[in-house]
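Just so you know, the protein sequences line up as chains C and W, in that order.
All letters in the first sequence, in the order written, are residues 1 to 469 by the numbering used here.
All letters in the second sequence, in the order written, are residues 1 to 767 by the numbering used here.
It is possible that some hints are incorrect.
[Claimed, not checked] Here are a few chain C residues that face chain W, going by a calculated C-beta distance under 8 Å: (1) CYS47; (2) THR90; (3) THR109; (4) CYS114; (5) THR115; (6) VAL155; (7) LYS367; (8) TRP435.
Since the hints were made in silico from the structure, they are not lab data.
Don't be surprised by glycine CBs; every beta carbon is placed ideally from N, CA and C.
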Amino acid sequence: MADRIRLLLNDAEVETADVSPMTTLLDWLRDTRGLKGTKEGCAEGDCGACTVVVERRAADGTMRREAINACIALMGQLDGASVRTVEGLTGSDGAPHAVQAAFTETDATQCGFCTPGFVMSAFAFAAGGERGADGAIHEALAGNLCRCTGYRPIVEAMRRVAGTAVAPPPDLSALARGGDACFEVGGHRFVAPTTLAVALRLRAAHPDAALLAGATDLGLLASRHRKPPASLIHLARVPELHRIDRVGDSISLGAAASYADATPALVEHWPALAPYLSRLGSRQIRAMGTPGGNLGTASPIGDMPPVFLALGAALRIASVRGERRVAIDEFFLGYRRTALAPDEIIVAIDCPLPRAGEVFHCDKLSKRRDQDISTVAAAYRLQLEGARIVGARVAFGGMAATPLRAPRTEAALIEGGIEAAARAAEAEFTPLDDWRGSADYRRTVAGNLIRRLGARLASPARAVEVEAL
Amino acid sequence: MKGGAHAAERHDSALRHVTGGAAYIDDLPEPPGTLHAALILSPIAHGRIAMLDLGAARTAPGVVAVLGPHDIPGRNDVAAIGKDEPLFAEGRVYFAGQPLAMVLADTLDRARAAAALARIEIVAEPAILSIDAALAAETWVQAPARLARGDAPAALARAPHRLTGEFRCGGQEHFYLEGQIAFALPGEDGDMLVHSSTQHPTEVQHICARLLGCDFNRITATVRRLGGGFGGKESNASWVAGAAALGAGHTGRPVKLRLPREIDMVATGKRHGFLYRYEVGFDDEGRVLALDAMLAADAGWSLDLTPGVVTRALTHIDNAYFIPHLRAVGYACRTNLQSNTAFRGFGGPQGVLVMEDAIDRMAAHLGRNADALRALNFYARGRDTTPYGQPVTENHLPRVWAEARQLGEVERRRAEIAAFNATSPILKRGLGVFPLKFGISFNSPHMNQAGALVHVYTDGSIRLAHGGTEMGQGLFVKVAQVVAEVFQVDLDRIRPAATSTADVPNTSPTAASTGSDLNGGAAFEAARELKRRMTAYAAEHFGAAEADVVFADNQVRIAAPGSNQVLSFGELAQLCWLGRVSLSATGYYRTPGIHWDPATMQGRPFFYYSFGASVAEVAIDTLTGENRVLRADLVQDCGRSLNPAIDLGQIEGAFVQGQGWLTCEELWWDDRGRLRTVGPSTYKIPGSRDVPPVLNVRLLENAPAEVATVFRSKAVGEPPLMLATAVWTALRDAIAACRQAPGPIRLDAPATPERVLAAVRARQAKS
Ligand SMILES: Cc1cc2nc3c(=O)[nH]c(=O)nc-3n(C[C@H](O)[C@H](O)[C@H](O)COP(=O)(O)OP(=O)(O)OC[C@H]3O[C@@H](n4cnc5c(N)ncnc54)[C@H](O)[C@@H]3O)c2cc1C
Ligand code: FES
Ligand code: FES
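Assemble the whole structure, with the sequences as input and the hints as a guide.
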């Protein structure tokens with residue numbers, strides 16, 4: 001099979017013949033399509049200058065309209081989707097869209113280089129029908145940097161944009177593909193299976209191929225490092241990997257469900273995850289990125305591992321040989337090494353639901369509050385009897401070469417109380433020492449996060465973070 | 001008419017910005033045959049180049065040429081003001097990131113892939129990787145600069161109170177969203193058109209000519225707009241453009257050099273980090289009697305623009321305060337790091353920190369209110385000459401101070417914050433107030449000149465060219481407003497032209513906040529000259545007195561005796577053409593009355609001062625050091641603003657940029673001198689949530705410039721960046737609240753959570 005990528009670009013159907021599926025969307029827009037409105041500011045998903053809006057049918061059948069980073073999106077991922085760029089907002093008469101007009105009316109542009117990206121984030125915000133509360137606006141803008149304006153006028157433009165009626169997404173049915181796809185150009189092979197069985201067969205047959213979920217990690221190989229993998233197995237089209245169901249006393253989170261998809265279910269049971277997940281990457285990142293990919297990457301500073309470790313999640317891992325369950329505690333073996341065999345795929349993450357008397361908290365420390373990688377991340381699942389802690393699972397990221405549990409801290413929480421646990425947390429790790437924080441700082445705040453936990457438990461209503469002021 | 005001086009007009013490109021129609025250099029069409037360039041950089045901070053094997057790169061697919069120092073027909077020197085700053089290292093390398101060679105290939109990916117094939121062997125030698133190491137080794141890029149008045153040691157000896165202080169501030173990456181880029185197109189017989197994202201087209205022209213060994217007249221440097229500059233595209237843009245021109249000259253094909261973000265951050269200079277040590281003497285009231293200070297700037301490996309930065313730091317150490325006896329030494333430390341360069345404020349932001357630190361220490365020592373001590377030490381009648389001999393005229397300090405404090409409700413909020421802190425063990429709040437005096441003009445008098453070229457066409461439309469570059473600051477619309485005002489025509493009749501050395505030669509960089517003062521002044525002269533010619537011809541033609549020719553509302557009225565003529569502006573232009581009147585004029589402006597002796601550091605370097613004041617409130621978390629700006633109130637003097645909408649944007653943007661410098665933006669080198677914060681994932685500039693949720697900004701009202709600036713406006717680009725100093729002060733105030741007893745607080749910038757926590761712990765440890 002040699003399929004061609006088909007997509008809508010600003011409402012016009014495009015079929016690509018000789019474009020590598022590993023080409024970034026940004027390169028394709030600018031170099032092949034000559035659409036120069038979308039900019040490159042960093043090629044690592046962090047500045048938002050390349051933001052476009054993608055309209056697509058999610059695996060659960062719902063229509064999605066999300067801002068994404070074109071710089072780290074691969075063309076193969078966009079098969080069947082509609083891509084809208086800043087040029088595609090302007091009316092056929094050349095009149096600016098209401099969203100664009102809002103940015104001129106509020107003097108929200110200076111050098112203008114960031115502007116197309118902001119406009120597209122604003123368009124997605126308007127399309128989402130959100131209200132113009134400042135918190136929501138900042139969340140929507142976390143993936144866009146502006147060095148000139150100081151943002152105040154941009155936030156003002158967003159307030160005006162909120163509630164702006166935007167045209168419904170285009171009909172994508174003509175692009176629908178019956179089954180699996182394989183795009184092969186110039187030595188690059190991108191396969192997109194639509195059943196788990198086929199995905200597992202492909203995985204077994206091509207151990208050299210990389211698995212691709214949202215590409216918010218792997219995409220950087222193409223964008224920043226300019227060396228995409230030669231062979232990819234794309235998991236986002238496999239419905240089994242998207243399921244978010246309740247199974248017995250657990251929530252089972254499909255490994256390819258995006259953060260955006262997974263958030264409502266997670267936050268319903270663990271409300272403390274709401275602010276935490278809203279700080280994981282940006283909307284652009286959360287539209288594409290997946291908790292499954294976060295585990296697959298196994299970074300010591302990923303934000304989900306401490307959460308899954310504290311929750312005591314189990315991973316369902318499958319291969320053509322069958323499925324097995326691996327406790328999260330057994331999954332991380334060393335620096336970016338996991339228990340996955342070369343032929344295996346993470347299918348789902350089963351998170352045991354909170355029981356009576358259980359509380360869950362989590363914290364993320366970073367230099368900048370939004371869109372920053374954690375210096376230290378921590379998650380705590382505690383079993384309380386009255387005010388007494390009778391069970392504790394505590395996990396940290398940023399404190400070692402892998403995300404890990406803090407057994408001495410856990411024991412101290414149960415036996416010695418908060419202060420003893422804080423001292424244990426200060427002592428039990430050999431943390432990273434880098435630009436995000438010195439080892440000393442990390443040790444100190446690991447203890448202090450336990451003290452913050454103590455303050456939270458002591459008076460749940462009281463603000464313990466500057467963000468709450 | 002619409003859009004004259006003082007109108008709150010929109011940025012001229014606003015509509016194109018939002019629709020994606022505004023073209024930056026990477027968006028320009030590429031002629032067939034265009035080559036793409038990639039740099040090969042030194043991985044080592046200091047050493048001898050033992051081998052640079054480019055064979056594999058040369059034979060890689062798509063590669064057309066690989067150029068090193070020996071392929072430069074002219075001089076291998078891209079220094080802005082010094083000499084011997086090679087484009088490509090020869091023999092030795094002086095920082096990790098220094099360009100060694102450049103690959104030209106048919107596609108960017110192939111150029112980058114080939115660049116990675118270079119085999120580099122460098123024998124590493126001991127490197128100087130910090131200001132402290134440079135101070136110890138006494139390695140400078142220039143001799144220490146000294147600014148002195150009176151007898152500081154004697155006055156200190158006599159002073160009733162003396163305190164010493166030491167602290168540091170970090171550098172700052174410009175992080176213009178559009179990275180460095182140049183696109184060179186060879187023409188016939190050695191001509192070269194260079195599109196460069198530069199703040200200094202004339203320097204681009206000179207450096208290209210120097211590298212190519214040709215006359216300046218062969219090179220045309222041009223730029224329509226930059227995607228941000230902030231000083232980072234002053235000297236740095238020149239070598240990028242020079243490399244592209246070298247490639248184009250060598251191959252005869254168009255060459256584009258665009259630095260990917262990581263290369264950009266690794267190879268180009270930044271704001272200078274500083275180390276400060278000082279001793280201040282004062283009386284019982286808290287009046288400063290003497291200051292003896294040492295400022296050590298991290299210049300990086302070469303001179304670049306460091307002399308100007310050190311001079312501006314020294315001439316802003318006084319800031320708003322009268323210092324009777326001063327001895328200040330500025331060291332320009334040579335390190336094996338990126339060569340630091342211009343960045344909005346140009347040493348001013350670093351200079352003004354000293355007295356803020358000193359006054360807070362004095363207040364703690366005397367047990368007095370720090371704000372009161374600030375006001376007590378302001379320049380005032382009889383205490384109104386700066387240490388470098390320039391009188392402080394038009395002193396708006398009392399006004400901006402009072403207005404900012406009122407806007408910021410300082411008294412009420414101080415009480416509120418004290419009450420909060422008394423009952424909040426973990427979170428603490430703090431307030432800071434900051435006054436600013438900032439000198440406007442390039443410190444080097446000769447740079448304070450500008451040219452403009454204005455054409456009136458026979459339909460009455462106008463083309464406006466000047467030497468200033470548009471980098472988002474709204475210079476083009478402001479200068480167009482000046483011309484509209486002179487001709488009394490609608491702003492949309494005036495077309496700003498891309499900046500080009502072909503239109504206006506021998507220009508100064510668009511920097512030092514002087515863009516609209518200088519270029520507005522030059523455009524004013526050009527327009528006035530044309531208006532004079534048109535007036536004279538109209539008077540002659542209609543037999544009227546020149547005084548009876550009036551330009552108003554897109555028209556020209558000629559009240560000749562017995563007849564009343566009304567022509568549109570275009571009709572008069574057509575009439576002038578028929579009458580063989582030249583409708584093209586150059587305008588030239590030079591700032592009057594400034595002089596400066598760099599040897600004695602005395603003179604009148606500044607045409608005028610800009611004033612401002614700010615109030616900032618912060619909250620800190622004493623467990624994690626996380627911090628947040630809750631509110632800021634700013635009052636900024638813009639004279640009679642040429643465009644209040646543009647100026648507001650400059651103030652807000654500069655404040656947030658200054659906040660970033662002082663809080664979250666941290667440059668981090670490893671122990672081998674390799675910069676490891678090389679992109680937005682590791683180098684954190686403020687995001688929208690970091691902007692104070694309450695941000696009140698006022699332009700000082702009824703404050704036309706006393707000196708004859710263009711329509712009595714004032715510069716605005718840099719001063720408000722320093723208003724963010726109030727954030728740093730507020731952070732120290734919040735840290736002070738961690739303990740009841742007074743005592744000194746040291747808070748180095750950037751005040752990352754880690755540094756704030758360290759300061760909190762240092763303070764708690766004392767109790
Ligand atoms: C701008 C930016 C901001 C970011 N911010 C954060 C942040 O705040 N916190 C954080 O934790 N991370 C952050 N990341 C990293 C990244 O977004 C996350 O790690 C994300 O979870 C990766 O998911 P993905 O689906 O995009 O993974 P991909 O890039 O598609 O894949 C990542 C890895 O996981 C493997 N993989 C994917 N799915 C599976 C599977 N089902 N089974 C086995 N292996 C699999 C892949 O083979 C690959 O090795 C950020 C990234 C960017 C670019
Ligand atoms: S270019 Fe910066 S996020 Fe894509
Ligand atoms: S307007 Fe210049 S970066 Fe936003």
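Hints, one by one, checked against the model:
| no. | hint | verdict |
| --- | --- | --- |
| 1 | CYS47 | 5 Å, holds |
| 2 | THR90 | 5 Å, holds |
| 3 | THR109 | 4 Å, holds |
| 4 | CYS114 | 5 Å, holds |
| 5 | THR115 | 4 Å, holds |
| 6 | VAL155 | 6 Å, holds |
| 7 | LYS367 | 5 Å, holds |
| 8 | TRP435 | 4 Å, holds |
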